[in-house]
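**Q** Sequences are here, hints too, so could you generate the full structure?
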Amino acid sequence: MSKRRCNRKRRGRSQHFEFLERRDLLTTLVDVDLDGDLDAVFEYAWYENDDASFWKHPYSADTPQKFLLADVTADETLDFIGGKGEWIDGTSSTASPWGPIRSADLPHWLIDYDDDGWLDLIARQGGTLFVSQGNGEGFDGVNRKSIPTETISIPSEFDGNQMIDAVYVHRTSGANCPDLCDTVSMRPNLRQNERIELLVIKDGATVRHLEILDYDIDGDRDVIVETNKGWHTLLNQDGMLIESGFTASQAERITWSDLDQDGDFEAVEFLADNRIRWNYTEGHGGRTGSIETGPVNFSASDRHGLITAESIIDIGDIDGDGMIDFIVNEIARTAPIWISGNNLSLQLPSVPIRPGDSNGDDAFDSTDLIMVFEAGEYEDGVPNNSDFSEGDWNQDGDFDTTDLVVAFEAGRYEINAHPRLLFDLSEIRTVRENVKSKKYAYKLRYEKANALRLLSTDYRDSTLYEERKARQAAQLAFVVLMLDEDDPDRAPLAAKAREAMAHINDGLWSSTLVHPRHRAGWDGSDLNQWYGGSVLMEYSLAYDWLVGAGELKGIARDDARFRILRLAQIEHEIHSTQANKLDRGKYYLRNANKRFRSLAGVGMVALTFPEQEGLIDDPLKHMHPSDAKPFSSQAALEFVMGELFEDITIERPRNITDQSMISHYVSTDGVYAESLSYQNDAFYVTIPFLAAYHRIKDVDYLSEQGVTDGRISKMYANNAKLMVPDGTRPNIGDCWAGYNYYHHEIIANYSDRETNYWYFEDHIRSTARLLGISAKWLRTDTTPLPEPNYRTEFLPDAGLAVFRDRWGPEATYLALVARHRPTRGHNQADQGSIMLYAHGSYLIVDPGYGSAYGRGPNERGVGGRRNWMNSALGHSGVTLDSIYRVEDTPSIELRKHIHPRADTQSYNDALDPAYLKNTLTSDSIDYAEAHVIYEEKEAELLRGVAFPRHRYFVLDDRLTANDTHTYGWQLHLSKTETGNLSGEPHQLTWTTSNEQQEQVALGIQMLDQRRNVNSYDDGPTNYDGLSYPEAVYDHTYLIADETAKDTQYLTLLDPYKVADGPLQVETVAEGRVWKIVHSPTEYDLLMSQPKRASIAFDRIRTDATFLIASIDVVDGQHTLKSVLAKHGTQIRVDYDVRKDFTITDHTIFHREF
2 MSKRRCNRKR RGRSQHFEFL ERRDLLTTLV DVDLDGDLDA VFEYAWYEND DASFWKHPYS
62 ADTPQKFLLA DVTADETLDF IGGKGEWIDG TSSTASPWGP IRSADLPHWL IDYDDDGWLD
122 LIARQGGTLF VSQGNGEGFD GVNRKSIPTE TISIPSEFDG NQMIDAVYVH RTSGANCPDL
182 CDTVSMRPNL RQNERIELLV IKDGATVRHL EILDYDIDGD RDVIVETNKG WHTLLNQDGM
242 LIESGFTASQ AERITWSDLD QDGDFEAVEF LADNRIRWNY TEGHGGRTGS IETGPVNFSA
302 SDRHGLITAE SIIDIGDIDG DGMIDFIVNE IARTAPIWIS GNNLSLQLPS VPIRPGDSNG
362 DDAFDSTDLI MVFEAGEYED GVPNNSDFSE GDWNQDGDFD TTDLVVAFEA GRYEINAHPR
422 LLFDLSEIRT VRENVKSKKY AYKLRYEKAN ALRLLSTDYR DSTLYEERKA RQAAQLAFVV
482 LMLDEDDPDR APLAAKAREA MAHINDGLWS STLVHPRHRA GWDGSDLNQW YGGSVLMEYS
542 LAYDWLVGAG ELKGIARDDA RFRILRLAQI EHEIHSTQAN KLDRGKYYLR NANKRFRSLA
602 GVGMVALTFP EQEGLIDDPL KHMHPSDAKP FSSQAALEFV MGELFEDITI ERPRNITDQS
662 MISHYVSTDG VYAESLSYQN DAFYVTIPFL AAYHRIKDVD YLSEQGVTDG RISKMYANNA
722 KLMVPDGTRP NIGDCWAGYN YYHHEIIANY SDRETNYWYF EDHIRSTARL LGISAKWLRT
782 DTTPLPEPNY RTEFLPDAGL AVFRDRWGPE ATYLALVARH RPTRGHNQAD QGSIMLYAHG
842 SYLIVDPGYG SAYGRGPNER GVGGRRNWMN SALGHSGVTL DSIYRVEDTP SIELRKHIHP
902 RADTQSYNDA LDPAYLKNTL TSDSIDYAEA HVIYEEKEAE LLRGVAFPRH RYFVLDDRLT
962 ANDTHTYGWQ LHLSKTETGN LSGEPHQLTW TTSNEQQEQV ALGIQMLDQR RNVNSYDDGP
1022 TNYDGLSYPE AVYDHTYLIA DETAKDTQYL TLLDPYKVAD GPLQVETVAE GRVWKIVHSP
1082 TEYDLLMSQP KRASIAFDRI RTDATFLIAS IDVVDGQHTL KSVLAKHGTQ IRVDYDVRKD
1142 FTITDHTIFH REF
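The sequence shown begins at 2 in the working numbering and counts up by one.
Derived by calculation from the structure, the hints in this document are not laboratory data. Note that the structure is predicted; figures quoted are calculated from it, not measured. You may find that some hints are simply not true.
Label-pair distances were calculated between CB atoms; the ranges are [as the list claims (entries may be wrong)]:
hint, residue 1, residue 2, range
1, Asp1141, Lys938, 49 to 55 Å
2, Asp397, Gly137, 39 to 45 Å
3, Thr402, Ser627, 52 to 58 Å
4, Asp782, Arg461, 42 to 48 Å
5, Pro631, Pro787, 16 to 22 Å
Capping the alpha-carbon separation at 30 Å, the derived lysine-lysine pairs in DSSO-like fashion look like this [as the list claims (entries may be wrong)]:
hint, residue 1, residue 2
6, Lys203, Lys230
7, Lys918, Lys1122
8, Lys777, Lys554
9, Lys698, Lys630
10, Lys622, Lys698
11, Lys1122, Lys1076
12, Lys1058, Lys1076
13, Lys622, Lys146
14, Lys1092, Lys938
15, Lys554, Lys587
16, Lys698, Lys554
17, Lys554, Lys630
18, Lys554, Lys622
19, Lys622, Lys444
20, Lys1122, Lys1092
21, Lys938, Lys1046
For each residue, glycine too, the CB sits at the ideal point set by N, CA and C.
**A** This is the structure we're talking about:
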């Protein structure tokens, strides 16, 4: 763009009137050093123009910020007045604080309003102005004045009386505007009760901006009112602002500058379709004419797609050729990018010749190595085909080992290079190949599509939640790292990721049991007990990936570093404070799964910034100096690893000593004590952290071959072992139905590789939150993996048994719970509880929450509200003195107990212990016992579960106590919406349907016939719900009660398809022996008696208290297939061959024939 009135002599004197900041623009052309050419100011530095080449000047601020440029000291040099509470004298490079105005990030102006020859500093916060007088050496004194609180409101001095006036925009209606209109008014001398209406904006236009400048060059201040339809000019006439004209414009953006150096200001309009219009004048103010470009194809000179019309934020004659050039809001190779107005060519700074620094960012790090290796010319055998950016650092024309030697011998490589956490630069190609493979390319496309949608998110919005912002920042950063540099989406996605990182902790933290939703600030306020750790991990990953991609540099990188480290310091101070010393009114205790997340999140930050010692560098001065404390990454990391694997020093679990977090919460056979749902919460952060620790420290805490017993990797294999045939997790303890488990791909490299990969690929492939966490470990081979073949599995340390007749969706499955390890601390009544799935349908469902002991609904202590629910919401087990039904307690009260929001007891309390004993698997029968000790009631339950022929179940329940109790034997039935309960009280049939709409039934035969059986249709359950209480629904349940001291129940559970029919049960000896007929050639004998006594039936004699025998009939010959017995001394069998066996009292006897 040219109007041949520019000349080199006058070109450099252009500068914006009184202040440099314009809205959110951070790059501006101005003659900083007054040498006659236009220099560039960008964020936190200024770049001197040396014959159209920019170089970063040493006189630069230490913090990225918007600047005012003015001669504060009246020494004929321009000084920097920053937006972060400091200013720099143009004759030095030392930053000084503003003085009495302490707030660091307020809108601010420089005006010599008192006409004493020194510029005064004015800052605004809400409806208050802070005014500090200039004294030639800085600013001193501060006065507070009220100003209109409207968003568009600026102070200045218009009437020459040395007092501050304010021009502002507000909404009014009246004769000139029947509807609400934007109105520009002035409050002279900031008097509260005086308002002068200057201009009413009609025709539906709205004000976008107010600009103060000397438009008519008469020595006073005028006002430009910019709207979405053009701009109005308000000229200052003897202290009054009078409208003098309107210029229509459809510009998307307008800037004002003296382009032709004739002493007045001209409007430059940025129009649609990349057109630019310059409204020039003749040195006297007022519009004379205009020059307009056609559509400018910026991409023709920009192969990376960085530059658009929106990128241009100032214009001027940079190279002195009489043509107007453009400067954009991008830095490349340590200096600003600009576009020549002569030929629209992109002007990139020259690359410094420093070995290794291929991308010219003044650092030799992983981004340079990624860049040169991706060029693909390392020792490629093609002579003289490489340049400096492609790895030829010794100037011999090729990239080979000699270049690496030269670069590394220079000693400038950044040791803590990025990416470094989950993979390093040497693995980038593998990671990209994984996510771009035929098998997983759809996931990268999904991640990229998600990231592109995030471009519309404004991360400056202070109402955004940090947990969501952190995850999105990591997602954006990983996509950027995976994209090629010439991908047109990379630059905008990187800019959006930087925006998110620039606003870490500027948003909201979700509500907790201590705080409502809140802002944390930098002073040490609580974050969030659930999300603090995951936010730290995700911001760390975002930083690692974005720096590794070369897209987070300079002050932006330093600021992100401070933000992440300060949050980690806050979280570390909370989780390292003794529980009895923690201010529980201010902080929520980090315990159980919350503690895992907190510790691992801080650990991930420590691995990201291992060099941190002492005070955290705060380049933008976010934190008041009085809040600054030393923080050591190494010390924090040592504390984290000690708590996880050595000894819990802060949260001392009740009755548990000398245990670490892992040994306390994860059983030796690999089950997380708080239930399978909370495994996700605890290890979503912990697994990536331990994988990063292994990669960086070369210490393996995950596998059985590492420094631990491998219980973590076993935990993930157990997800498949415990899986219900429909692919969901069993509902054990604080748990809900679901498919999603995280990080199987990582764990697959440490244990049970095929099982974990199969589980991930066949059940949870689409649920991983961040592709980047698992990308390194993805199995790209498309060959299907064989399904595991787990059948009945016992995990005695965890106290879990899973009975299964086979693997697959048609399996019959029963889970038995007998845990003795402390769990989440609600005294769950799931000890001895069962759930049953068969023929494609849940038949017995465990609701998840309950109490073994009766308590009043509002009673505190063990039970009641603190126990989450009474037996009406209990488990399919046995309760003591706890027969609350819905008719006894209103449903709304019952449902309220499902999820008390702020009245739960400690996570450390142990529940009534239970133990899994006498386990057996065989070809003919499986068996296990749950031994439950009701400590407060001095009673015990021994529940034996037998699985004869892997077809049906026998529950042998024996209760003993010191006193008489009311026992509540419960069974909660599933699929109520399609189910029907029929039959007599002790011989019931529950009929429902499976997903294939086949009729499925469960025969329930209470063979002892001593229980008082009642059925109910109003039992709320949370089984299929993820929210409380909205997602609960009523279900059918049985309560069979009896008042006794010692008692025994024998129940046969027969799951079958209605089309196949039930088992036939015949009584052999009343109340003691039954015959279960499968077919004319197969039958079983079941015997149960309360005490040891000799008994003979069929061809068996024994004194055992419990026995199951399976007999086959072939050609009339009865053959004993198997026998199982307990609590006796001898067995005699006399089928095809007579045999005598001796049995012991406390072990299971079993033989197969």
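**Q** All hints, please: hold or fail.
**A** A quick look at each hint next to the structure:
1. Taking the beta carbon of each, aspartate 1141 and lysine 938 are about 41 Å apart, not inside 49 to 55 Å as hinted.
2. A hinted range of 39 to 45 Å is violated for the C-beta pair aspartate 397 and glycine 137, which are about 58 Å apart.
3. Look at threonine 402 against serine 627: about 53 Å separates their beta carbons, and that is inside 52 to 58 Å.
4. The supplied range of 42 to 48 Å is met by aspartate 782 and arginine 461, whose beta-carbon atoms lie about 44 Å from each other.
5. Between proline 631 and proline 787 the beta carbon distance is about 54 Å. The supplied range of 16 to 22 Å is therefore violated.
6. The straight-line distance between the Cα atoms of lysine 203 and lysine 230 is roughly 10 Å, inside the 30 Å bound, and the hint therefore holds.
7. With a C-alpha separation of about 24 Å, the suggested pairing of lysine 918 with lysine 1122 holds against the 30 Å cut-off.
8. Distance check on the hinted pair: lysine 777 and lysine 554 sit about 25 Å apart at the alpha-carbon level, within 30 Å; holds.
9. Using a Cα cut-off of 30 Å, the hinted pair lysine 698 and lysine 630 holds, with the two alpha carbons roughly 27 Å apart.
10. Simply put, lysine 622 and lysine 698 have alpha-carbon atoms about 33 Å apart, too far for the 30 Å limit, and the pair is violated.
11. Between lysine 1122 and lysine 1076 the CA atoms are separated by roughly 15 Å; this keeps the pair inside 30 Å, and the hint holds.
12. A threshold of 30 Å between alpha carbons decides the hint, and for lysine 1058 with lysine 1076 the separation of about 21 Å falls inside it, so the pair holds.
13. With a CA separation close to 25 Å, the supplied pair lysine 622 and lysine 146 stays within the 30 Å bound.
14. For the proposed pair lysine 1092 and lysine 938, the alpha carbon gap of about 23 Å is at most 30 Å, so the pair holds.
15. Of the pairs offered as hints, the one joining lysine 554 and lysine 587 is violated, with about 36 Å between alpha carbons and a cut-off of 30 Å exceeded.
16. As the CA atoms of lysine 698 and lysine 554 are separated by approximately 26 Å, the hinted pair is consistent with the 30 Å bound.
17. For the hint linking lysine 554 to lysine 630, the alpha-carbon distance of about 25 Å falls within 30 Å, and the restraint holds.
18. Note on lysine 554 and lysine 622: the hinted pairing holds, with a Cα-Cα distance of about 18 Å set against a maximum of 30 Å.
19. A C-alpha spacing of about 40 Å is found between lysine 622 and lysine 444, which places the hinted pair above 30 Å, so the restraint is violated.
20. Between lysine 1122 and lysine 1092 the alpha-carbon distance is near 26 Å, which keeps this suggested pair within the 30 Å criterion.
21. Restraint check: the Cα-Cα separation between lysine 938 and lysine 1046 comes to about 11 Å, which is no more than 30 Å; the hinted pair holds.
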